[in-house]
Amino acid sequence: MVVKNPNPYNENSPEICGDCGSILNVLDQHRGEVICSICGLVITSKIVDQGPEWRAFDSEQREKRTRVGAPMTFTIHDRGLSTIIDWKNRDFAGHEIPAKLRSQIYRLRRWQSRIRVSDATERNLTFALSELDRMASVLTLPKSLRETAAKIYRSAVKSHLIRGRSIEGIAAAALYCACRMLKIPRTLQEIADAARVDKKEIGRSYRFVVFRLNLSSNPTKPIDYISRFISELSLSNNVQKKATEIVRLAEKKGLTSGRGPTGVAAASIYVASILFGERRTQRDIARVSQVTEVTVRNRFKELISKLDLDIPLKRK
DNA sequence: AAGACGAAAGTGGTTGA
DNA sequence: TCAACAACTTTCGTCTT
Numbered sequence: 008m009v010v011k012n013p014n015p016y017n018e019n020s021p022e023i024c025g026d027c028g029s030i031l032n033v034l035d036q037h038r039g040e041v042i043c044s045i046c047g048l049v050i051t052s053k054i055v056d057q058g059p060e061w062r063a064f065d066s067e068q069r070e071k072r073t074r075v076g077a078p079m080t081f082t083i084h085d086r087g088l089s090t091i092i093d094w095k096n097r098d099f100a101g102h103e104i105p106a107k108l109r110s111q112i113y114r115l116r117r118w119q120s121r122i123r124v125s126d127a128t129e130r131n132l133t134f135a136l137s138e139l140d141r142m143a144s145v146l147t148l149p150k151s152l153r154e155t156a157a158k159i160y161r162s163a164v165k166s167h168l169i170r171g172r173s174i175e176g177i178a179a180a181a182l183y184c185a186c187r188m189l190k191i192p193r194t195l196q197e198i199a200d201a202a203r204v205d206k207k208e209i210g211r212s213y214r215f216v217v218f219r220l221n222l223s224s225n226p227t228k229p230i231d232y233i234s235r236f237i238s239e240l241s242l243s244n245n246v247q248k249k250a251t252e253i254v255r256l257a258e259k260k261g262l263t264s265g266r267g268p269t270g271v272a273a274a275s276i277y278v279a280s281i282l283f284g285e286r287r288t289q290r291d292i293a294r295v296s297q298v299t300e301v302t303v304r305n306r307f308k309e310l311i312s313k314l315d316l317d318i319p320l321k322r323k
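Residues 8 to 323 in this note's numbering are what the first sequence spells out, letter by letter.
Think of the hints as simulated: they come from the structure by calculation, not from any bench. Yeah, the Cβ is synthetic: ideal placement off N, Cα and C, and Gly gets one too. Heads up, some of the hints might be wrong.
Stated by the list, open to error - Calculated cross-link-like contacts (lysine-lysine; reagent style DSS-like; alpha-carbon spacing at most 30 Å):
| no. | residue 1 | residue 2 |
| --- | --- | --- |
| 1 | Lys248 | Lys190 |
| 2 | Lys313 | Lys249 |
| 3 | Lys158 | Lys206 |
| 4 | Lys107 | Lys150 |
| 5 | Lys249 | Lys158 |
| 6 | Lys308 | Lys228 |
To be verified - Listed next, with one range per pair, are the computed distances between beta-carbon atoms:
| no. | residue 1 | residue 2 | range |
| --- | --- | --- | --- |
| 7 | Lys207 | Ser264 | 43 to 53 Å |
| 8 | Met188 | His167 | 15 to 25 Å |
| 9 | His167 | Arg255 | 34 to 44 Å |
| 10 | Lys190 | Gly261 | 42 to 52 Å |
| 11 | Arg109 | Glu129 | 46 to 56 Å |
Working from the sequences, and respecting the hints, build out all of it.
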């Protein structure tokens, strides 16, 4: 879903596109990215939604749901609802706490933290969620996605899927899963780079989690990769539209089935970039889409032969 | 010199007996 | 459980710009 005039995010200080200098942006809430409406450059992909996590449809609901304190979150092991005793030796008014009471406060603090993270399960959860958060910020994924990933991880724990598997593996799998569910696909390779676990392990855990939790996830489509690759190659909006169009055509002709989605996306972008005279080398496209030049070439050949696109071929 | 092309051999995952 | 298989990768030599 694409929404114009993003609120309250940049009303007062609009972002300016570094590429074409335009001020008008489009917020793609679905992907959590701000995209320049003129040239398609992704300006930022780190949007934090500062609104409440609930919606109220009438004043009664608003009454019920309004509460004091930080919003509930799945990314903290106790959902952010517990009390934390500050480590500063100040009282509520900011005065120093007398030395006499210090040791008492110190003991209270210790007990509080013992209670907060009481058993092994909670300790694991704490660790897993911080790991989840670390990976998500390495990959600059939006907060909503972290919540989803945390939710998946929690249900995995609940269904006793962790036993015998590594916490990091399941956490990475949950993240990968969330990416696919929210249509912000990252490749397994990208997740593996951010995680401390290898690709194989994440894949195994992913399949296991999906199977056991009955998560329906349709395979990723080339279209979902296009906007990201386009902006990484700093290509124009026209190219993006054309590439999307080509992918649609390719899908219709059955050129996508069995093929890696990244490869198809890469070749479509390659074709589109040539058509608009913004040619990028196969090597560059291969790099951002994480396939080899050979794959780009093979998909490219299939596209031009099956879709009879009139490409101004330089050579014969 | 860089980019494009294609052949050949190797890899990891799926499928069907 | 194993072999066959398609897609993809790696590597490398040749041709084009």
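Tested hints:
no.: 1; hint: Lys248 with Lys190; in the structure: holds, 18 Å
no.: 2; hint: Lys313 with Lys249; in the structure: holds, 17 Å
no.: 3; hint: Lys158 with Lys206; in the structure: holds, 22 Å
no.: 4; hint: Lys107 with Lys150; in the structure: violated, 43 Å
no.: 5; hint: Lys249 with Lys158; in the structure: violated, 37 Å
no.: 6; hint: Lys308 with Lys228; in the structure: holds, 20 Å
no.: 7; hint: Lys207 with Ser264: 43 to 53 Å; in the structure: violated, 25 Å
no.: 8; hint: Met188 with His167: 15 to 25 Å; in the structure: holds, 22 Å
no.: 9; hint: His167 with Arg255: 34 to 44 Å; in the structure: holds, 43 Å
no.: 10; hint: Lys190 with Gly261: 42 to 52 Å; in the structure: violated, 22 Å
no.: 11; hint: Arg109 with Glu129: 46 to 56 Å; in the structure: violated, 28 Å
Consistency with the previously given hints fails for numbers 4, 5, 7, 10 and 11, ordered from lowest to highest.
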